[in-house]
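Construct the complete structure from the given sequences, taking the supplied hints into account.
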Amino acid sequence: MEAFFQTYFDFQIIEDNFGYVLEGFWYTIRLSIVGGILSLIWGLILAVLRQLPGRGLAPVRWVAIAYIDALRGVPLLLVIFLISGGLGALASEGVIPEGLGIPRWFGLPDPFWYGTIAITLTYGAYMAEVYRAGIEAVPRGQVEAARSLGMSHGQAMRFVIVPQAVRKVVPPLLNDFIALMKDTSLVSVLGLVETVQAGRDVYSETFNASALTLGAFLFLAVTIPLARFVDWLIKKQDMKIQRGIP
Amino acid sequence: MTEPIISIRDLRKSYGDLDVLTGIDLDIDRGEVVCVIGPSGSGKSTLLRCINLLEEPGGGTIALSGTTVFGDGKPQNLDELRREVGMVFQQFNLFPHMSATENVSIAQVKVRGRSRKEADEKSRELLDRVGLGDKVDEYPDRLSGGQQQRVAIARALAMDPEVMLFDEVTSALDPELVKGVLDVMRGLAESGMTMISVTHEMGFAREVSDRTIFMDGGVIVEQGKPDDVLGNPSHERTKQFLGLVLAN
Ligand SMILES: Nc1ncnc2c1ncn2[C@@H]1O[C@H](COP(=O)(O)OP(=O)(O)OP(=O)(O)O)[C@@H](O)[C@H]1O
Ligand SMILES: [Mg+2]
Numbered sequence: 517m518e519a520f521f522q523t524y525f526d527f528q529i530i531e532d533n534f535g536y537v538l539e540g541f542w543y544t545i546r547l548s549i550v551g552g553i554l555s556l557i558w559g560l561i562l563a564v565l566r567q568l569p570g571r572g573l574a575p576v577r578w579v580a581i582a583y584i585d586a587l588r589g590v591p592l593l594l595v596i597f598l599i600s601g602g603l604g605a606l607a608s609e610g611v612i613p614e615g616l617g618i619p620r621w622f623g624l625p626d627p628f629w630y631g632t633i634a635i636t637l638t639y640g641a642y643m644a645e646v647y648r649a650g651i652e653a654v655p656r657g658q659v660e661a662a663r664s665l666g667m668s669h670g671q672a673m674r675f676v677i678v679p680q681a682v683r684k685v686v687p688p689l690l691n692d693f694i695a696l697m698k699d700t701s702l703v704s705v706l707g708l709v710e711t712v713q714a715g716r717d718v719y720s721e722t723f724n725a726s727a728l729t730l731g732a733f734l735f736l737a738v739t740i741p742l743a744r745f746v747d748w749l750i751k752k753q754d755m756k757i758q759r760g761i762p
Numbered sequence: 159m160t161e162p163i164i165s166i167r168d169l170r171k172s173y174g175d176l177d178v179l180t181g182i183d184l185d186i187d188r189g190e191v192v193c194v195i196g197p198s199g200s201g202k203s204t205l206l207r208c209i210n211l212l213e214e215p216g217g218g219t220i221a222l223s224g225t226t227v228f229g230d231g232k233p234q235n236l237d238e239l240r241r242e243v244g245m246v247f248q249q250f251n252l253f254p255h256m257s258a259t260e261n262v263s264i265a266q267v268k269v270r271g272r273s274r275k276e277a278d279e280k281s282r283e284l285l286d287r288v289g290l291g292d293k294v295d296e297y298p299d300r301l302s303g304g305q306q307q308r309v310a311i312a313r314a315l316a317m318d319p320e321v322m323l324f325d326e327v328t329s330a331l332d333p334e335l336v337k338g339v340l341d342v343m344r345g346l347a348e349s350g351m352t353m354i355s356v357t358h359e360m361g362f363a364r365e366v367s368d369r370t371i372f373m374d375g376g377v378i379v380e381q382g383k384p385d386d387v388l389g390n391p392s393h394e395r396t397k398q399f400l401g402l403v404l405a406n
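The listed protein sequences correspond, in order, to chains A and B. Quick note on our numbering: the first sequence kicks off at 517 and runs consecutively. Quick note on our numbering: the second sequence kicks off at 159 and runs consecutively.
Calculated directly from the structure, the hints in this document are not laboratory data. Any given hint could turn out to be false.
[To be verified] Simulated crosslink set (DMTMM-like; lysine to aspartate or glutamate; CA at most 20 Å straight-line):
1. B/K232 / B/D168
2. B/K232 / A/E518
3. A/K751 / B/D168
4. B/K268 / A/E660
5. B/K337 / B/E320
6. B/K383 / B/D187
7. B/K337 / B/D318
8. A/K752 / B/D299
Structure below.
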């Protein structure tokens, strides 16, 4: 028992490395927020493309669907390597400018941006599916009412469908965000010292896992309140449904 | 003889193998109030939905004040059509995330290009006219079915349509709420609005309509003065249908 606590809860080690792990966690937070916001936007674009009406736009829909299927079907880790390796190689061959191939925007290192791009590409696909479910959950009569008032398809989407879909997609999007946040740890493979890598660094120095435990608690400090918030939102919506409100 | 406001020739519509409209010819005059009756599945809703092209007809032509809006197998001047033809649905279809006023204003602003202030003013005026002057800021989930339906009517009227289509607008309502909606429609008819109303309210058809149309199996079986069609139908199927309706 003593040994167990020593290995996982050595407060001396936690104290000594608190700053280091917290610095890593600050990367985790930034990856999550920037990647999360970009995924939200990219996912919405994909969902709208996938929903475009008419026969002429069928190829656009197909491309969007193929993209979504592909990115949901391969591991994020692989996408991270594809992006970092690919962009780096293209830049060194001069196909794309170096600022794009080895991005160091806002003073953040290139692994951060490779990770952000990979996360956006993958989670955008997941979120596109969430948006789609939300759009499809809006009753057909809503589009018809909008169209019968003379709104274009785009106007009906923008003013009638999307605002209603948003309410339905907030809980599942937050769930995706929790998953995204945990997946940011994969960016450590590019040498970014985020929470997990920081914990591992301490471990390889001390052969003690306490810094990893600290990392776990830092994650939980964000994910548990978020999960509770999602539950609360869902419960609130269920209560509305019980009262017969759409 | 003025030109009919709506002129339909040989209108057809099928869903796969199911022929729902099998050749409808119909002229509606300006200011005319037409009620459409008929058994379930006879194609009444489909006819209305084809008139404002929520469904694309399979063939035939539709003209609005002489302008072709459907012909050569495709919609034409769709925007103009939707602007001139208002529609009210059985399920109201109010936008649940907007207040009554916003429901009535949104298309005025986005489609008609009115200023928000101008639109809201008109919306309040219309809501007042349908008896909801005290509910302008309520959201749909706080309104009764009858009130929601009256907002829906105001919303369609806000676009200043030339023609209003009503698809069984009282069918989803509790009996005590029907009258309020019918009163609004009656007022509208008296104001000279051109109206096509699919309805099960025979009393309303008899009292308000200039013409009653009986549809069955995707065609117009019989039409004429409501007293004739409802009181003294000449076709067997009409008699049968009315007998059934009365028996209920
Ligand atoms: N989108 C659709 N796809 C397939 N079949 C349809 C569709 N819409 C309507 N139908 C069919 O077309 C026929 C006519 O439907 P319609 O809604 O026009 O009838 P109706 O006269 O309005 O009936 P009701 O009085 O029940 O409203 C029905 O058999 C219906 O099942
Ligand atoms: Mg119907």
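Each hint tested on the structure:
no., hint, in the structure
1, B/K232 / B/D168, "holds (14 Å)"
2, B/K232 / A/E518, "violated (81 Å)"
3, A/K751 / B/D168, "violated (53 Å)"
4, B/K268 / A/E660, "holds (16 Å)"
5, B/K337 / B/E320, "violated (24 Å)"
6, B/K383 / B/D187, "holds (14 Å)"
7, B/K337 / B/D318, "violated (24 Å)"
8, A/K752 / B/D299, "holds (15 Å)"
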